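Peer 1: Here's the letter readout for the chains.
2 protein chains.
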Amino acid sequence: GAELLKQERDNSNIPVERLSEFLFTRETLDRQDQILKILIADKVFDKSQNYFDGRLERFKTALARQKRLSQLSKKHKWTADEYQMASELISEPGPYGLHVSMFLITLRDQGTPEQHRLFLEKAEKYEYIGCYAQTELGHGSNVRGLETTATWNSDDKTFTIHSPHLTASKWWIGSLGRTANHAVVMAQLIIDGKAYGPHPFVVQIRDLHTHEALENIYVGDIGPKFGTMDNGYLLLNHVKIPHVNMLAKFSSVDPKTNKYVKPASASLVYGTLTWVRSTIVLQSGGVLARGVTIATRYAAVRRQFQDRDAKEWETGENQVLNYTMVQIRLLPLLAATYALHFTGRGMMALYQENQKKMAADAGKLASTSRGPSPEELFPSTDLLADLHATSCGLKALASTTAAEGLEVCRRACGGHGYSSFSGIGSWYADYLPTTTWEGDNYMLTQQVARYLLKSARAVLKGTASDNDTSRIFKSFLSRRDMGAAFDVLGQDEDIVAAFAWRTSFLTFEALKHRDEEKGSWNSLLVDFWRLSTAHSQYLIVKNFWEALQTERVATELGEETAALMRKLFRLYALHTLEREASEFFSSSAVTVRQIQLARTKTVMKLLEEIRPHAVRLVDAWNFPDWQLDSSLGRYDGKVYEDLFRRASELNPLNALTIDPYPDSGILIKKNEIETFRSKL
Amino acid sequence: GAELLKQERDNSNIPVERLSEFLFTRETLDRQDQILKILIADKVFDKSQNYFDGRLERFKTALARQKRLSQLSKKHKWTADEYQMASELISEPGPYGLHVSMFLITLRDQGTPEQHRLFLEKAEKYEYIGCYAQTELGHGSNVRGLETTATWNSDDKTFTIHSPHLTASKWWIGSLGRTANHAVVMAQLIIDGKAYGPHPFVVQIRDLHTHEALENIYVGDIGPKFGTMDNGYLLLNHVKIPHVNMLAKFSSVDPKTNKYVKPASASLVYGTLTWVRSTIVLQSGGVLARGVTIATRYAAVRRQFQDRDAKEWETGENQVLNYTMVQIRLLPLLAATYALHFTGRGMMALYQENQKKMAADAGKLASTSRGPSPEELFPSTDLLADLHATSCGLKALASTTAAEGLEVCRRACGGHGYSSFSGIGSWYADYLPTTTWEGDNYMLTQQVARYLLKSARAVLKGTASDNDTSRIFKSFLSRRDMGAAFDVLGQDEDIVAAFAWRTSFLTFEALKHRDEEKGSWNSLLVDFWRLSTAHSQYLIVKNFWEALQTERVATELGEETAALMRKLFRLYALHTLEREASEFFSSSAVTVRQIQLARTKTVMKLLEEIRPHAVRLVDAWNFPDWQLDSSLGRYDGKVYEDLFRRASELNPLNALTIDPYPDSGILIKKNEIETFRSKL
Ligand SMILES: Cc1cc2nc3c(=O)[nH]c(=O)nc-3n(C[C@H](O)[C@H](O)[C@H](O)COP(=O)(O)OP(=O)(O)OC[C@H]3O[C@@H](n4cnc5c(N)ncnc54)[C@H](O)[C@@H]3O)c2cc1C
Ligand SMILES: Cc1cc2nc3c(=O)[nH]c(=O)nc-3n(C[C@H](O)[C@H](O)[C@H](O)COP(=O)(O)OP(=O)(O)OC[C@H]3O[C@@H](n4cnc5c(N)ncnc54)[C@H](O)[C@@H]3O)c2cc1C
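One line per chain: the protein sequences are A and B, in this order. With the numbering used here, letter number 516 in the first sequence gets 516, and the count goes up by one each step, no holes. With the numbering used here, letter number 204 in the second sequence gets 204, and the count goes up by one each step, no holes.
Fair warning: there could be bad hints in the mix.
Some, not all, of what chain B presents toward chain A, calculated at C-beta under 10 Å [as the list claims (entries may be wrong)]:
#1 N11
#2 F45
#3 N237
#4 H238
#5 D307
#6 R308
#7 W313
#8 E314
#9 E317
#10 R411
#11 G425
#12 D440
#13 L524
#14 Q596
#15 L643
#16 P652
These are computed hints drawn from the structure, not numbers from a lab. Predicted, not measured: the structure shown is a model, and the values here were computed from it. We put the beta carbon where it would ideally sit given N, CA and C, even for glycine.
Turn these sequences into a full structure, and let the hints steer you where they fit.
Peer 2: Here's what the structure looks like:
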């Protein structure tokens, strides 16, 4: 394998390091190197038994690692980003996962200064270790349907938190199973018999000293599953908490009047959700890139069959990466990793920009009484609505692309892809829930469609504000009768325009079904899902294209590499177009002839042109071997040696000699596993 | 949950039992009941800790179960089918897996009577426990590239089996890791320095008494992975075996002359492969049906959100099965389960028929000298070529459909789909390798394309024999210029014809690329894959349709149920057509208008019509709860109670109290797992 990868690297002159810097910046890469060194030096982070350990062992090891990580973080004064970087290098879900993310974020974003002192400070010091308990056995997507209640007791100024039925049991709550001593519990606020919807409450659930569940609290681990660590259930039997435990930044109960105090602006809550989803989009490129890196390197090392048209004098087998059937599976995904990365970057930039505008608007907002639709009052909240819809659609498409792409990569590795040592399987399993949490991907498409319909109505009425969505709708309406005539095979910007056209077409079709034909919402869900997917594909294509228009690209990467980036853009876009062909031509965005040419000529040509650079293009993602933990994806190509070493030297099962005969009652003749383990 | 499923069953009058009988026959169902009772009564088959156990525990339990199973099989004198039935009810890969299948089959099919006495008889008594060792670290798909050698020693009439490099190590071999004491080793036969390709040799690898590896044999488990049990590696260092250990039914070495004796007919080897693949097709329907059963029942129990267009007086949440976005994911798969079942049945019938013809031809065959292409001499071998191609294409499509469909089912369950208790995840993981073994699904498509191209050439030359493939090609050629004009939305047989048309169109396109334009084989692989998929979809549609044409359907099921079956047929076919739209209209098999109508009207209408019968249609698959082992898929709908019971009562992790604080060196404060286990 080593020579093959060397050859691959020699046959392309893509400047890998410059490309990595372009993607991540020099500082980030250096920081990662330093952190990696610290982690590798520490015995507790040794990964050699990871794939062998069972659930219990994995839990214990993960706990030990998380403890050590937080000690290291303190010692080296890591920022949140650096802590995150270390976690990504370790690459396993850990029992502090939800404490570090959702528990701290919720306390910070939804707590008052007093609550920060009371809860957040202790949480940052890991005196309180918490989780975010929203989902119940009976309700996940439908948050308004939650059954846990928080009843206000006006006499002693407390809340009683209660789980009225089995289905009200909190479920799936990360870090809750064995670890957390506190929870942010989302519960229906009830004042004087009236329900005000779900609100967040801080509830202590385990004793700070004994770590046993407190009275009237029934808490535990929900059992084995795909992904994450330490998910728990929680039932509360009339548990009383003080007034200050309701997180009160947005809404609260006035203890004097016993009245509900409404939130200042719903769009502020939007903000956190948008941020979380944008982060998922940004990460999706890297998530997929791990699988693509492993599969591409392996496909360059794996040789199987002679080429069928090989000349007689040719000997030796073909690298499977040379087969077009392997290329068509891997290279569009390689292109997708870049597309998603640039899209995530674009989203984050928009988000930051908007946060600034919001801050500027905040003064004005405070001085007006809150109207029914703040969207029409301030550009920033209007932009936020667009951004929110964008983040929903892209979260769904990006996480689906990454998850399904990982499985394509794994399968492209043939038999060896099934081995845990491929490093793809467990990574896939850990990532997979991302398609369901933070909004089930199918559910999110309804929000996107709702926004697009609303925008389309506004455009028709002439009340739409100026943003990208309304612009593409207007342009579509002005040319709808003439037709499109985009040169998708010749002009890159025409590809973007064709994707915009298809979104617009589908939006106005859906609008017709809903507003004119009065189709029920339910009957249109499938159309909405198609629409949202189409729109999100447009956004990715557009973001990728825009990223390549900047000066930086040619100056930092050189013209040759910039040209290759444009080929990746075309491959991503045209491969998508070809897969969704029927929507493209039924909207007349392109002709049948163009699709046939794209399929049989252009895409195949792009595969051929990108192929020689494939290994360098994945190298640029810069995953250390330690992070990938993959026999197939090793940088040095020593695939077989590593598979063999792990199977024979690291594998405890081989220390077991069994009795194989059915009539013998003995199962194990000789068990030397403990001796084996102690020698590792 | 219980009331909801009762309601579902009350709202449909599909005769579930009659439908089950139609699918499986009364005898099979009764047999299954009896066997189920025997298994449930036996403590060793208790499944309650299955999802919790780690790799080692699972291995030990599986070994104990396999021993017990073979004892029961002896005691009750089970046939191979009954043993298989019991295995399916237990539903876990076991360490005897490959012994029972490939080891015995290979000895039987490829051994001489003498070898049957020497090896097969002992193997049937489990004195020899074996495996089938073909794949190596470096070669899987390309069997001719195997590196293990079997060198003939003319002096002492033995073979020396040897692994010359690390990549020659046998790898992935089921039942070899810890269990087998014998292996059928595929090795390159070498006589007098000349290589004759891979042949099967029986090699003893472990001591029959101590069960330790024999001298010069390095054997072990390859480590954790998706699916199957006890996969091993094997390196042989110049191991000598007697002449009789080369399985010699087809080819052999003459010990007197030291000459190679050629196989009588290559098509006989074809036979076993075709049978194995047909079995995979037949099983795929049931494999997928497990996931569909679980997801459909759960979607009928799960309620989430009110319908968006609900009237004010309506209360209560909607069953998620009522959402069209859930229906479009599940109901076409429900239709696919039936489609695959009937297709598998059709394949098996053809196979049996052909076996009879082969037997009849055998006499004739023996009397002629073997020509270069026996296909042209005997109808049965010609039919076999067709059947072989069919089995390749259908194996690929059916196993891909089942595997990917299971994941769709799992995801349709939302968050709870991630729990091991859903019963879909582990079933999926165990099944998944079917897409790679017995011919990697992508590789198989090349064989199908090769056959179709060959048939098309024969049709053009006028030398084609009369079979279904040549008939559809001829019919296509005769009408190609006129166009198709199929009434796919009105006439069921026109749907079949449209699928045939698309296959034919793609075949002649591919032929043009290959023969006229001289496209390289490699440049056409993607087209071949599309072609094979198209052809296999045609075969499924045709088989499903034909199955519904028989008298039996209406008489045994009643007209109403027969009509529902035809709706399932249309749903499967039109949903496929709509997903592959661009191929259908670019071949002019249908118009763009028809596709739009299929998509927006016909398919949506079918979903609505099939929806009320969904639960009964999955009930007819007749999976006992014990087999499904799923909280979400319980027949009685008690989903939440069961999830909770497993998480709280059966879950060992909850007997562990940890110390959660990062600065404390203690991990576990209290470990009561053993006490917990002992109480189970
Ligand atoms: C590994 C993991 C970790 C998690 N961690 C946490 C955590 O720390 N804290 C927490 O609070 N939660 C957590 N969750 C829960 C998660 O947020 C929910 O599972 C998720 O929101 C999906 O909700 P659900 O399970 O209720 O799905 P459901 O809403 O029940 O969905 C079931 C199915 O119905 C469909 N469906 C539902 N409603 C509609 C509709 N109106 N129209 C069309 N289709 C519909 C869905 O698409 C889906 O296919 C976690 C989940 C997982 C899997
Ligand atoms: C769980 C499991 C159990 C198994 N059990 C056994 C067993 O008991 N005994 C045994 O002998 N084997 C066993 N196998 C091995 C199995 O049969 C092989 O893995 C399978 O044949 C695939 O071969 P491969 O791994 O060499 O894939 P490869 O051929 O290396 O394929 C790698 C990739 O290259 C592609 N590719 C390869 N050649 C071409 C080409 N010419 N054109 C286009 N694309 C190409 C493939 O599609 C694939 O994507 C098992 C495998 C698994 C996963």
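Peer 1: Hint by hint, where does the structure go against what was stated? Just the numbers, ascending.
Peer 2: The structure conflicts with hints 1, 2, 3, 4, 7 and 8, although it agrees with all the remaining ones.
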